[in-house]
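A.B. asks: Kindly produce the complete structure, drawing on both the sequences and the hints.
Listed below, chain by chain, are the residues.
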Amino acid sequence: MRIALILAVATATAAALPIPGWAQAKAAARKPPPPAAAPKAEEKDAATLEFEKFRAEMEDSNPAELFEAKGEELWKARRGPRNVSLAESCDLGLGVGVVKGAYVQTPRHYPDAGAVMDAERRIVWCMVEKQGFNFDDIAKRPFASDTHTPDITSLVTYVAAQSKNMKLAVPLDDPKVREAYEIGKEIAAYRAGPYDFSCNTCHGADGKRIRMQALPNISTPQGALRGVQGWPGYRMTGGVMLTHQWRMGDCFRQQRFPQPKYASDAVAYLLTYLIGTANGLEYKGPGIKR
Amino acid sequence: MHPKNLALAACAALPFLAATQPAQADADRRAVAMAVIKKDFEPRGQAGLDRLAEDGLQTLCNRTGNNPPAYVAQRLEADQMAGIRYPSDGKLLGDWKQGEQIAQSGRGFTWTDNPGLPVGGNCYNCHQIAPKEQSFGTVGPSLYQFGKLRGNGPDIQKYVYGKIFNAKAFNLCSEMPRFGHVGALNEQQIRHLVALLLDPESPVNK
Chain P
1 MRIALILAVA TATAAALPIP GWAQAKAAAR KPPPPAAAPK AEEKDAATLE FEKFRAEMED
61 SNPAELFEAK GEELWKARRG PRNVSLAESC DLGLGVGVVK GAYVQTPRHY PDAGAVMDAE
121 RRIVWCMVEK QGFNFDDIAK RPFASDTHTP DITSLVTYVA AQSKNMKLAV PLDDPKVREA
181 YEIGKEIAAY RAGPYDFSCN TCHGADGKRI RMQALPNIST PQGALRGVQG WPGYRMTGGV
241 MLTHQWRMGD CFRQQRFPQP KYASDAVAYL LTYLIGTANG LEYKGPGIKR
Chain U
1 MHPKNLALAA CAALPFLAAT QPAQADADRR AVAMAVIKKD FEPRGQAGLD RLAEDGLQTL
61 CNRTGNNPPA YVAQRLEADQ MAGIRYPSDG KLLGDWKQGE QIAQSGRGFT WTDNPGLPVG
121 GNCYNCHQIA PKEQSFGTVG PSLYQFGKLR GNGPDIQKYV YGKIFNAKAF NLCSEMPRFG
181 HVGALNEQQI RHLVALLLDP ESPVNK
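These protein sequence lines map, in sequence, to chains P and U. Going by the numbering used here, the first residue of the first sequence is number 1, and it counts up by one from there. Going by the numbering used here, the first residue of the second sequence is number 1, and it counts up by one from there.
I should point out that these hints are in silico values taken from the structure, not numbers from a laboratory. Check the hints yourself; a few may be wrong.
[Stated by the list, open to error] Here are the computed lysine-lysine pairs in the DSSO-like style, where the Cα-Cα straight-line distance is at most 30 Å:
no. : chain 1 : residue 1 : chain 2 : residue 2
1   : P       : Lys261    : P       : Lys284
2   : U       : Lys97     : P       : Lys261
3   : U       : Lys38     : P       : Lys140
4   : P       : Lys53     : U       : Lys132
5   : U       : Lys97     : U       : Lys206
6   : P       : Lys289    : U       : Lys206
7   : U       : Lys39     : P       : Lys261
8   : U       : Lys132    : P       : Lys130
9   : U       : Lys38     : P       : Lys176
10  : P       : Lys140    : U       : Lys39
11  : U       : Lys39     : P       : Lys176
[As the list claims (entries may be wrong)] If we take Cβ atoms under 10 Å as the criterion, some of the chain U residues that face chain P in the derived model are:
no. : residue
12  : Phe41
13  : Lys91
14  : Pro200
Every residue gets a Cβ at the ideal spot worked out from N, C-alpha and C, and that includes glycine.
C.D. replies: Next up, the structure:
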């Protein structure tokens, strides 16, 4: 009854709307869009060409491999206040110490933590719960800068490399993971902030670019794969190794949002949506980014 | 700006929207997503947590997948339109050269931007504009030859000024930011951008 009333009122108001003040501008707006020169999607700017050359040269010696090696050492070493190694204590989902294939099967739900976690979040959880490191110490500077690469970055790179050329297989048949996927999808669609942006503003349709940077459409499997491929990645700009969590944060920055908390549900759910959408497609391991 | 009107209009629309929700699960999930967003962000630089809150328009676009029922969209577009402040002297055409600079700059509003510096238009991030700039985005349509194709008289000037001031007044859930409405660009800057698109001397129309 009440709903019907409000509806009626709203309709009436809309119908009786006084418009003359802006009618002309509105009419101008309705003129057919110009048959403008089609943007040349294939054209590449100098920076892109330069980057592709660099990537080709680096094919055989991906700088990510340095971090991979460092990460392997860290994984196997007894460390932290409890002096245990991750290799003997950390279960990435396939059993304690099992690294092969674990990255492409995250995010997943971990009953011992009662949470859905992406690989980076899970490794942090192990460092805190098993090795006794302090979460706040890790979260203070979680990502690499030009002068410092945190251990967690190397660890993630190592774990990711152990899933090279494997198919993405986020366990979406687990209801808790499926729920995380759906919430992640909502987060990706959420528009707010001074520019009304959501992830989908930039990544919701095919063939879009910001300047010359192609934007993957993360709502499609192939687009989502492009958003997963090469992460963690060695970034040419600044010469730093960066993780998928970093990429999410930097996109929220471009979205003019505040900063997502490190290793939080929000980022884990977003990654569940992104990686889950690319399920079944092949992950090629840590890569190089511009 | 009429935030009160906006909130009211959005409220009027919500019961209707709730009623059309195909499954309750969607609304529940949205509620969970909102709660997650609320707890999992922290302020950084100029980007405070207040940015996570929706205004009436954002609420409506978010809840309808950017496709609100026409009658609600019209109502809210009218509200957005009413908030557009045109220059009191009626002069809408500025200097296209300065417009080009504003269109080039992508600075502003991120947590790494210095809040003391002027904000850019970000226009080339999304639009092709002058032919010399080949590094342009395609989130929005090409604006090359805009004035040549659409004219440059008072009506189109008013439209372009209004569109830049508040794109949502013409297309409620447009992907384009509301530059004047949120105070990103001022009157003078918007005038320069209008000139960039419409002035016959602008390279856009050569």
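A.B. asks: Confirm or reject each hint.
C.D. replies: Status of each hint after checking the structure:
no., hint, in the structure
1, P:Lys261 - P:Lys284, "holds, 28 Å"
2, U:Lys97 - P:Lys261, "violated, 42 Å"
3, U:Lys38 - P:Lys140, "holds, 20 Å"
4, P:Lys53 - U:Lys132, "holds, 25 Å"
5, U:Lys97 - U:Lys206, "holds, 14 Å"
6, P:Lys289 - U:Lys206, "violated, 38 Å"
7, U:Lys39 - P:Lys261, "holds, 9 Å"
8, U:Lys132 - P:Lys130, "violated, 58 Å"
9, U:Lys38 - P:Lys176, "holds, 20 Å"
10, P:Lys140 - U:Lys39, "holds, 18 Å"
11, U:Lys39 - P:Lys176, "holds, 19 Å"
12, Phe41, "holds, 5 Å"
13, Lys91, "violated, 16 Å"
14, Pro200, "violated, 16 Å"
In this structure, the hints that do not hold are numbers 2, 6, 8, 13 and 14, in rising order.
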